[in-house]
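All chains, full assembly: derive it from the sequences and hints.
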Amino acid sequence: MKKLVTAFATGILGAAIVLAGCSSKEETASPQAEGTATATATAAAASEGLKAATESYKKYVIEQTDLFVQATEAFVDAVKAGDVEKARELYAPSRMYYERIEPIAESFGDLDPNIDAREGDVDESEWRGYHRLEKALWVQKSVEGQDKYADQLLSDSQQLRALVETVEVTPDMLVTGAVGLLNEVSSSKVVGEEERYSHTDLYDFAANVEGAEKIFELLKPELEKKDASLASDIEQKFADLKADLAQYKEGDGYKIYTELKPDQTKKLSQLIDALAEPLSQMGTVLGA
Amino acid sequence: MGNGNRKDGDPKRQGTLLSRREVLKMGAAGGLGLLLGSMVGGSVIAGKGLAASLTKGFDSRPTGDDQESVPFYGKVQAGIVTPAQNFLIFASFDLVTERIEDVRKLFQDWTDAAARLTEGKPVGEESDNAFLPPKDTGEAAGLLPARTTVTFGVGPSVFDGRFGLKSKRPPTFADLPSFPGESLQPQWCGGDIGVQVCSNDMQVAFHAIRNLIRIARGKAVLRWMQEGFQRSGAADPQAGTPRNLLGFKDGTGNPDVNDPDLMNRYVWVQKADGPSWMENGTYMVVRKIRMRIEVWDRSSLQDQEATFGRHRASGAPLGRQDEFDSLEEALEQKNADGTYVIPVQSHVRLSHGDGSVKILRRSYSYSSGIEPRSGQLDAGLFFICFQRDIASQFVPLQDRLARQDKLNEYIVHIGSAVFACFPGVSRGGYIGEGLWS
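These protein sequences, in sequence, are chains A and B. Reading the first sequence from the start, the letters are residues 1 to 288 in the working numbering. Reading the second sequence from the start, the letters are residues 289 to 725 in the working numbering.
Mixed in with the good hints, there may be bad ones.
Claimed, not checked - Simulated restraints, written as ranges between beta carbons of each label pair:
no.: 1; chain 1: B; residue 1: Asp687; chain 2: A; residue 2: Asp240; range: 41 to 47 Å
no.: 2; chain 1: B; residue 1: Met490; chain 2: A; residue 2: Gly145; range: 40 to 46 Å
no.: 3; chain 1: A; residue 1: Gln140; chain 2: B; residue 2: Pro465; range: 21 to 27 Å
What the hints assert, rightly or not - Stretches of chain A that chain B covers, calculated by requiring three or more beta carbons in the stretch to come under 8 Å of a beta carbon on chain B:
no.: 4; stretch: 110-122
no.: 5; stretch: 190-204
no.: 6; stretch: 275-283
To be verified - A few chain B residues that don't get close to chain A, going by computed Cβ distances all over 12 Å:
no.: 7; residue: Asp400
no.: 8; residue: Gly452
no.: 9; residue: Arg511
no.: 10; residue: Phe517
no.: 11; residue: Ser520
no.: 12; residue: Tyr554
no.: 13; residue: Asn568
no.: 14; residue: Pro660
no.: 15; residue: Gly663
Calculated directly from the structure, the hints in this document are not laboratory data. For each residue, glycine too, the CB sits at the ideal point set by N, CA and C.
Listed below in structure tokens is the structure:
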């Protein structure tokens with residue numbers, strides 16, 4: 001989860017996106033554009049290439065959300081069946097679908113905190129979702145009394161699936177989203193604060209990076225037209241990061257984050273910064 | 289936060305030849321934004337002094353305010369409504385003695401030392417016995433007072449029973465409630481005693497805190513300590529609104545420190561508030577706020593501006609041209625689609641709220657090397673504010689920001705402490721005598 005700010009962006013961002021869905025493209029400036037005219041102009045100027053990228057991205061988001069609902073259903077079933085071991089196995093991989101499309105997923109107000117809030121992000125009475133079950137699975141080591149949260153999680157993920165259908169993806173959402181995904185890594189995964197009980201942070205880490213890379217791949221043809229060397233720089237930095245990340249693979253998943261030494265987490269963090277800096281220049285495809 | 293004094297704080301209206309009184313008045317204004325920035329006025333004074341000291345090459349005599357001292361004795365403590373100096377060292381102490389006589393002695397010794405330090409004097413007269421360590425540590429020998437102030441307060445923990453002070457605890461004075469999203473680290477929280485040293489010279493400030501720490505040995509030990517800075521007056525002779533480390537001008541809306549009515553309403557504890565030992569004192573909140581500098585640096589300009597609700601270059605409210613254009617009017621302005629030009633979750637809008645709750649902010653930036661786990665910068669804002677009652681002033685304000693501020697994506701609160709800052713003391717008395725005696 002980004003920060004609970006998003007909980008309150010609800011009406012604003014959510015509504016803006018939904019409204020955007022039924023209005024012309026020229027009016028789809030994101031709320032961040034309030035006070036500046038650039039995004040509106042940019043959206044209007046979106047080339048055919050960018051349009052194709054946004055359409056492909058929307059397909060990707062829907063596909064990931066479908067998989068997320070399926071995976072969540074299996075996870076929830078394990079929780080409700082009282083199968084702690086199975087649920088622990090399914091926990092981190094299920095979350096990856098969500099983490100890949102986090103910038104979109106967290107644009108629906110309360111849905112993001114409902115699915116992904118960490119302990120302390122929201123009032124205890126409102127805390128639910130994946131991390132609530134994470135705590136039960138790894139701290140209490142029991143899923144007794146968790147049925148309510150399991151049911152809520154499944155229905156929240158289904159609601160997310162319904163809502164992504166309404167999103168009108170704009171080019172500037174792609175650009176902001178790619179950097180946003182890496183910021184997620186920087187702010188919470190790299191310091192091991194995302195998965196504080198399961199320590200499966202590297203799954204989220206990898207998924208955020210994959211989500212950012214997907215956006216880059218979609219924008220790459222346009223970016224190469226404007227700035228080929230930036231495109232190849234970003235490509236190289238993705239490769240560096242993925243190579244470093246690969247050494248922590250274990251079977252189908254990743255090592256537990258606490259097994260990494262401080263100089264290893266620091267290296268990952270610095271590779272993220274090295275990638276995110278040129279990636280933040282991708283807005284060049286939007287500029288005049 | 290309100291901004292009724294902005295006109296007084298407009299540096300453009302100030303010539304370079306300000307009377308001292310005018311400069312002081314200016315210091316009062318200032319402060320827009322909320323947690324971030326807020327050091328406007330202070331550096332105006334500093335600017336005068338340090339700008340003057342730039343001409344030292346032409347005049348062998350140092351001039352300007354650095355030569356001056358801020359009176360230590362008075363009805364209220366210095367360092368609260370005093371315009372913010374260039375540098376800060378804040379120290380939080382834990383008492384290691386359990387005897388109130390020791391604490392009383394500590395505050396008597398600290399009072400004498402602080403009074404001397406703020407006048408630019410060593411903490412004690414030197415003996416000519418070469419077999420003794422020097423009384424004063426010496427690194428500030430020959431240096432000007434540099435407008436140094438020392439401000440003392442006590443944390444809620446001193447009322448825990450160790451000193452028999454339970455009955456003297458102010459009713460609403462307690463550790464802060466937890467706020468959503470904060471990530472407090474125990475090594476940056478709490479303390480029995482808070483000591484704020486501010487100075488226009490870092491070496492002078494360090495000398496002051498070092499000697500106070502030395503005097504405390506055996507009675508109180510350091511719990512944590514933080515240095516802070518803002519852009520100096522010398523670097524900003526025009527005394528414009530300072531920028532925080534996120535690059536935005538930030539700082540208006542502070543109540544006017546030269547308006548006694550406002551200070552009595554928002555800052556100084558009144559007789560009716562009780563307890564009597566706090567009359568003319570004030571409550572201080574300290575928050576160490578780390579900024580996610582790397583993340584911020586790769587945010588687009590439009591995101592940055594929507595986060596603060598201001599234009600970065602000019603400092604003007606979004607949709608306006610000039611830094612000092614009315615914020616209240618700008619907050620009402622809407623786009624064609626009915627949304628606010630200054631976003632609902634922007635820092636400036638949430639900080640302003642309905643304008644009824646005010647606190648006196650006196651924050652500094654900090655930079656403390658790198659965060660070892662990530663290799664990223666460990667830098668941010670060392671937020672300090674003063675108010676008459678924390679529970680009804682800081683708490684609701686921070687609760688609103690913690691829940692909604694878009695800025696939370698880029699900052700995280702990692703340290704927190706509250707201190708009841710004593711009233712001032714007159715010559716012959718000692719700080720906190722109403723509590724300790």
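Results for each hint:
no.: 1; hint: B:Asp687 - A:Asp240: 41 to 47 Å; result: 42 Å, holds
no.: 2; hint: B:Met490 - A:Gly145: 40 to 46 Å; result: 56 Å, violated
no.: 3; hint: A:Gln140 - B:Pro465: 21 to 27 Å; result: 26 Å, holds
no.: 4; hint: 110-122; result: holds (count 3)
no.: 5; hint: 190-204; result: holds (count 4)
no.: 6; hint: 275-283; result: holds (count 5)
no.: 7; hint: Asp400; result: 45 Å, holds
no.: 8; hint: Gly452; result: 36 Å, holds
no.: 9; hint: Arg511; result: 23 Å, holds
no.: 10; hint: Phe517; result: 24 Å, holds
no.: 11; hint: Ser520; result: 30 Å, holds
no.: 12; hint: Tyr554; result: 27 Å, holds
no.: 13; hint: Asn568; result: 38 Å, holds
no.: 14; hint: Pro660; result: 6 Å, violated
no.: 15; hint: Gly663; result: 4 Å, violated
This entry does not satisfy hints 2, 14, 15, going by the numbered hints stated previously.
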